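J.: Here is how the chains run, residue by residue.
2 protein chains.
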Amino acid sequence: MVSEPSREKWTNEYPRWFDWIIEEAEIYDYGRYPVKGMGVWMPYGFQIRRRIIELIRDLLDARGHEEVLFPMLIPEILLRRETEHVKGFEDEVYWVTHGGLKPLDVKLALRPTSETSITYMETFWIKSYKQLPKKYYQIVSIFRYETKATRPMIRLREVTTFKEAHTVHDSFEDAERQVREALEIYLEFFDRLAIPYIVSRRPEWDKFAGALYTIAIDTIMPDGRTLQIGTAHNLGQNFTKAFDFKIQLQDESLDYPWQTSYGISDRVVATVVSIHGDDRGTVLPPNIAPIQVVIIPIPAKDEESKRQIDTLLSQVVKALKGAGIRVKVDDREEMRPGAKFFYWETRGVPVRIEIGAKEAKESKLTLVRRDTLEKKTIDAENVVVEVRKLFDEIYNNLYKRAWNYLRQRIKRTDSIQEAKDWIKDKKGVVELPWCGHEECALKLEEELEGKALGTPWPLESAPETAKCPLCGRKAITWMRYAKSY
Amino acid sequence: MVSEPSREKWTNEYPRWFDWIIEEAEIYDYGRYPVKGMGVWMPYGFQIRRRIIELIRDLLDARGHEEVLFPMLIPEILLRRETEHVKGFEDEVYWVTHGGLKPLDVKLALRPTSETSITYMETFWIKSYKQLPKKYYQIVSIFRYETKATRPMIRLREVTTFKEAHTVHDSFEDAERQVREALEIYLEFFDRLAIPYIVSRRPEWDKFAGALYTIAIDTIMPDGRTLQIGTAHNLGQNFTKAFDFKIQLQDESLDYPWQTSYGISDRVVATVVSIHGDDRGTVLPPNIAPIQVVIIPIPAKDEESKRQIDTLLSQVVKALKGAGIRVKVDDREEMRPGAKFFYWETRGVPVRIEIGAKEAKESKLTLVRRDTLEKKTIDAENVVVEVRKLFDEIYNNLYKRAWNYLRQRIKRTDSIQEAKDWIKDKKGVVELPWCGHEECALKLEEELEGKALGTPWPLESAPETAKCPLCGRKAITWMRYAKSY
Numbered sequence: 001m002v003s004e005p006s007r008e009k010w011t012n013e014y015p016r017w018f019d020w021i022i023e024e025a026e027i028y029d030y031g032r033y034p035v036k037g038m039g040v041w042m043p044y045g046f047q048i049r050r051r052i053i054e055l056i057r058d059l060l061d062a063r064g065h066e067e068v069l070f071p072m073l074i075p076e077i078l079l080r081r082e083t084e085h086v087k088g089f090e091d092e093v094y095w096v097t098h099g100g101l102k103p104l105d106v107k108l109a110l111r112p113t114s115e116t117s118i119t120y121m122e123t124f125w126i127k128s129y130k131q132l133p134k135k136y137y138q139i140v141s142i143f144r145y146e147t148k149a150t151r152p153m154i155r156l157r158e159v160t161t162f163k164e165a166h167t168v169h170d171s172f173e174d175a176e177r178q179v180r181e182a183l184e185i186y187l188e189f190f191d192r193l194a195i196p197y198i199v200s201r202r203p204e205w206d207k208f209a210g211a212l213y214t215i216a217i218d219t220i221m222p223d224g225r226t227l228q229i230g231t232a233h234n235l236g237q238n239f240t241k242a243f244d245f246k247i248q249l250q251d252e253s254l255d256y257p258w259q260t261s262y263g264i265s266d267r268v269v270a271t272v273v274s275i276h277g278d279d280r281g282t283v284l285p286p287n288i289a290p291i292q293v294v295i296i297p298i299p300a301k302d303e304e305s306k307r308q309i310d311t312l313l314s315q316v317v318k319a320l321k322g323a324g325i326r327v328k329v330d331d332r333e334e335m336r337p338g339a340k341f342f343y344w345e346t347r348g349v350p351v352r353i354e355i356g357a358k359e360a361k362e363s364k365l366t367l368v369r370r371d372t373l374e375k376k377t378i379d380a381e382n383v384v385v386e387v388r389k390l391f392d393e394i395y396n397n398l399y400k401r402a403w404n405y406l407r408q409r410i411k412r413t414d415s416i417q418e419a420k421d422w423i424k425d426k427k428g429v430v431e432l433p434w435c436g437h438e439e440c441a442l443k444l445e446e447e448l449e450g451k452a453l454g455t456p457w458p459l460e461s462a463p464e465t466a467k468c469p470l471c472g473r474k475a476i477t478w479m480r481y482a483k484s485y
Numbered sequence: 486m487v488s489e490p491s492r493e494k495w496t497n498e499y500p501r502w503f504d505w506i507i508e509e510a511e512i513y514d515y516g517r518y519p520v521k522g523m524g525v526w527m528p529y530g531f532q533i534r535r536r537i538i539e540l541i542r543d544l545l546d547a548r549g550h551e552e553v554l555f556p557m558l559i560p561e562i563l564l565r566r567e568t569e570h571v572k573g574f575e576d577e578v579y580w581v582t583h584g585g586l587k588p589l590d591v592k593l594a595l596r597p598t599s600e601t602s603i604t605y606m607e608t609f610w611i612k613s614y615k616q617l618p619k620k621y622y623q624i625v626s627i628f629r630y631e632t633k634a635t636r637p638m639i640r641l642r643e644v645t646t647f648k649e650a651h652t653v654h655d656s657f658e659d660a661e662r663q664v665r666e667a668l669e670i671y672l673e674f675f676d677r678l679a680i681p682y683i684v685s686r687r688p689e690w691d692k693f694a695g696a697l698y699t700i701a702i703d704t705i706m707p708d709g710r711t712l713q714i715g716t717a718h719n720l721g722q723n724f725t726k727a728f729d730f731k732i733q734l735q736d737e738s739l740d741y742p743w744q745t746s747y748g749i750s751d752r753v754v755a756t757v758v759s760i761h762g763d764d765r766g767t768v769l770p771p772n773i774a775p776i777q778v779v780i781i782p783i784p785a786k787d788e789e790s791k792r793q794i795d796t797l798l799s800q801v802v803k804a805l806k807g808a809g810i811r812v813k814v815d816d817r818e819e820m821r822p823g824a825k826f827f828y829w830e831t832r833g834v835p836v837r838i839e840i841g842a843k844e845a846k847e848s849k850l851t852l853v854r855r856d857t858l859e860k861k862t863i864d865a866e867n868v869v870v871e872v873r874k875l876f877d878e879i880y881n882n883l884y885k886r887a888w889n890y891l892r893q894r895i896k897r898t899d900s901i902q903e904a905k906d907w908i909k910d911k912k913g914v915v916e917l918p919w920c921g922h923e924e925c926a927l928k929l930e931e932e933l934e935g936k937a938l939g940t941p942w943p944l945e946s947a948p949e950t951a952k953c954p955l956c957g958r959k960a961i962t963w964m965r966y967a968k969s970y
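Sequence order for the protein chains is S and Y. The numbering of the first sequence is the numbering used here, which starts it at 1 and goes up by one. The numbering of the second sequence is the numbering used here, which starts it at 486 and goes up by one.
The set of hints was computed from the structure by calculation and includes no laboratory data. Only a predicted model underlies this, so the values are computations on that prediction, with no experimental measurement involved. Honestly, I wouldn't trust all of these hints.
Claimed, not checked - Derived lysine-lysine pairs resembling DSBU-like cross-links, with alpha carbons at most 35 Å apart: (1) S:Lys148 - S:Lys127; (2) S:Lys148 - S:Lys424; (3) S:Lys36 - Y:Lys615; (4) Y:Lys494 - Y:Lys615; (5) Y:Lys806 - S:Lys321; (6) S:Lys9 - Y:Lys615; (7) S:Lys427 - S:Lys36; (8) S:Lys130 - Y:Lys615; (9) Y:Lys587 - Y:Lys612; (10) Y:Lys786 - Y:Lys726; (11) S:Lys87 - S:Lys36; (12) S:Lys130 - Y:Lys521; (13) S:Lys102 - Y:Lys968; (14) Y:Lys874 - Y:Lys905; (15) Y:Lys803 - Y:Lys874; (16) S:Lys443 - S:Lys148; (17) S:Lys102 - Y:Lys592; (18) Y:Lys587 - S:Lys107; (19) Y:Lys861 - Y:Lys843; (20) S:Lys127 - Y:Lys521; (21) S:Lys148 - S:Lys411; (22) Y:Lys791 - S:Lys127; (23) Y:Lys806 - S:Lys328; (24) Y:Lys843 - Y:Lys860; (25) S:Lys135 - Y:Lys813; (26) Y:Lys612 - S:Lys328.
What the hints assert, rightly or not - Where chain S lies over chain Y, by a calculated footprint (3+ residues, C-beta under 8 Å): (27) 548-555; (28) 563-576; (29) 580-590; (30) 593-606.
All residues carry an ideal CB built from backbone N, CA and C; glycine is no exception.
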């Protein structure tokens with residue numbers, strides 16, 4: 001067995017590694033487009049993104065979500081309708097003020113999120129509890145004039161892949177059920193991408209602007225920083241009241257319905273590319289790899305071998321394509337096999353097949369899996385079964401490896417010093433007993449130089465004896481802290 | 486045989502019919518969203534749109550096009566680089582001037598089209614003829630501050646489904662070949678949607694701003710007006726020169742490459758919904774219908790019949806789903822069968838299956854095709870074969886019917902009076918001999934109260950004896966005129 005590719009550079013220099021991989025693997029061109037915080041999805045990256053979108057779309061559709069598409073521009077008056085909401089966003093909104101050379105009568109916002117425009121239209125569409133629950137979603141660009149440092153795919157001014165769901169319910173309880181459903185969908189989605197996660201209820205002071213509360217899904221990136229990769233909000237009746245949106249209930253009374261919203265973004269792609277990577281590049285889970293198998297014919301010297309290689313090659317391609325496997329033959333003449341190996345390893349293609357004179361003669365194939373670089377020789381006639389088996393093994397290994405990594409990076413302690421060291425050493429997340437008082441968490445954020453991510457979801461009670469390490473009051477649960485993106 | 490559904494209202498009141506159908510069939514909500522020229526794709530409409538997008542995507546991918554995604558915002562300086570281009574668009578550009586409460590240093594345009602931003606990035610990506618031809622495309626929202634009257638899906642300020650392709654070539658000839666390829670792709674696309682078309686080379690004064698020339702695809706809507714549904718432009722070296730974008734040619738010299746671009750939009754969906762419609766609603770070609778078969782169980786009085794209906798129903802659903810057919814059972818209890826028939830006819834579902842007590846007892850099914858409303862009774866066990874056969878028949882009928890309509894609406898004449906009457910009577914397109922002089926065509930536009938669509942593509946020479954009906958000079962080809970959207 002070959003030793004696992006080094007993941008040293010990947011861990012130690014993660015931010016640089018990320019900038020390198022998205023350029024080298026032609027995923028996302030960032031920094032050359034002449035607007036800060038905006039980049040270009042290149043063909044290979046676009047295909048990864050597309051398959052990830054298909055995955056979430058299937059999961060949402062299976063649970064009765066309906067896809068829609070709303071205008072990108074929201075008139076100022078709509079955006080301002082819900083007071084908390086606009087307070088949370090107004091520093092970050094891009095405004096369109098001119099059409100052609102003329103000033104517009106009404107300023108138009110590039111949508112930062114769509115609660116306001118969707119709720120407005122729902123007032124026309126939804127009249128009765130009989131139509132509920134109603135679950136809409138859209139996959140769109142959103143815009144935020146970020147004042148923090150921008151990062152490709154992670155903190156952008158144009159988020160090009162914002163999947164936002166918006167639901168309507170006839171009771172608070174049903175909205176609660178919907179938040180749980182949203183999280184089930186997202187966790188299944190991340191499981192399929194082999195991305196490990198931590199689920200937290202965000203602190204009151206860090207919830208979505210306009211929500212009753214926010215549940216967030218974070219993961220830990222190779223440099224120990226957390227990244228928020230999904231959120232679900234119970235919006236209560238905040239937006240329906242602001243828009244005077246009432247429906248008829250079963251008892252024939254009129255009341256404001258309840259809403260939730262939940263979203264994921266480009267960050268999912270950044271996470272998939274990052275979490276499974278190593279010094280050679282990224283490693284893509286087979287289910288979303290644009291190319292699942294790359295076949296590299298090794299140039300032969302004699303005509304007989306060439307013929308045998310060509311014959312075997314076309315048999316293998318036919319068998320794999322027939323089985324619905326996404327396969328590419330790299331027969332570029334100007335490039336040597338070693339360079340090709342490197343090229344496709346960088347891009348994270350899960351399985352490589354090499355066919356040389358020896359293999360062709362014996363009707364064998366050499367299979368190399370990307371995650372461990374292990375080699376294996378098989379009979380060519382078994383190629384479909386063997387490749388499928390490898391896909392499963394790769395997925396399982398990525399899943400296990402990523403979860404092991406995440407688990408090792410969460411520390412529960414009641415020592416502030418230990419917590420401080422953990423964060424300083426870029427280890428990851430610490431969990432400290434928490435008394436439930438905002439001022440303690442805010443002080444600890446400063447002390448630890450980490451952000452308060454929130455409390456475990458579902459709620460986990462601290463032991464009877466646990467105390468807040470700052471004020472000494474009885475702890476009710478745990479608060480998580482980490483350096484975060 | 487039942488007589489064909491009346492297409493009277495559909496023809497005589499087409500603009501009102503269209504407003505009615507997009508609301509009634511829940512395709513596109515227009516006019517209630519509080520920004521002029523912008524609307525919402527509702528779930529059913531979104532699914533039609535999605536399948537149409539998949540169709541064009543498959544055709545483009547098969548011809549080596551690579552999908553990308555560019556930022557929505559273009560800085561002013563890029564948009565102004567190509568002089569003719571900016572002249573053509575500057576009255577129509579929406580400008581973002583503020584981020585949060587602060588004015589931006591640089592004004593940002595909501596993209597009206599993407600020649601400028603794509604060419605700019607190509608200067609980094611493409612260095613050598615060896616990389617050519619290169620074919621990119623993206624499917625995005627574009628924005629135009631239209632001063633003309635807006636129309637849902639037809640003349641919008643946000644065009645939400647703009648498929649724009651951009652290609653690069655090492656010679657003028659290869660760009661010419663690409664324009665032909667683009668048209669082949671589009672014509673195949675429209676053929677698959679059973680949409681008939683006329684292909685014209687737009688007059689010099691009506692070409693795309695920045696192009697050498699524009700080839701346009703028009704169709705004729707039910708009210709006799711033409712609608713531009715696709716365009717392909719040979720951009721020459723206009724943009725590559727403006728962006729000082731040079732590549733290495735085979736002879737090792739450096740030169741500006743050649744470009745083309747071609748696009749289709751939301752209008753394709755509007756056309757599919759319109760062209761095949763009748764007084765009862767739309768009729769969707771089976772390949773893009775979100776629901777291909779709707780099954781309506783007819784309520785039975787006795788328990789025995791109910792059981793039989795349920796059993797047959799689940800067998801039929803299983804068989805159809807197993808064959809990959811998109812099927813929906815409408816078992817709403819509060820609605821009577823007649824109302825359901827009407828409901829799904831409006832939405833254009835190609836095939837309806839009715840299962841009543843009599844059918845269930847005999848293991849028969851009643852099939853009704855949407856285009857002609859013909860009924861047919863079949864053995865339930867043949868359902869997959871019979872439904873597939875009906876799909877083919879429906880497609881063929883829609884195709885034939887639409888092309889017959891279009892052909893009857895094109896008149897070739899050398900009489901100005903006949904041409905004038907033809908347009909006045911809302912018949913469609915007239916073709917008059919043309920001497921090639923701009924002033925004659927412009928005068929005729931006024932005289933006929935129709936727009937000059939251009940000359941036939943590929944070029945068709947007028948007969949030796951043909952003369953321009955205005956100036957009497959020898960005609961070289963035909964000029965087409967019509968009222969157009």
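J.: Which earlier hints turn out false for this structure, listed by number in ascending order?
T.: 1, 4, 8, 9, 10, 14
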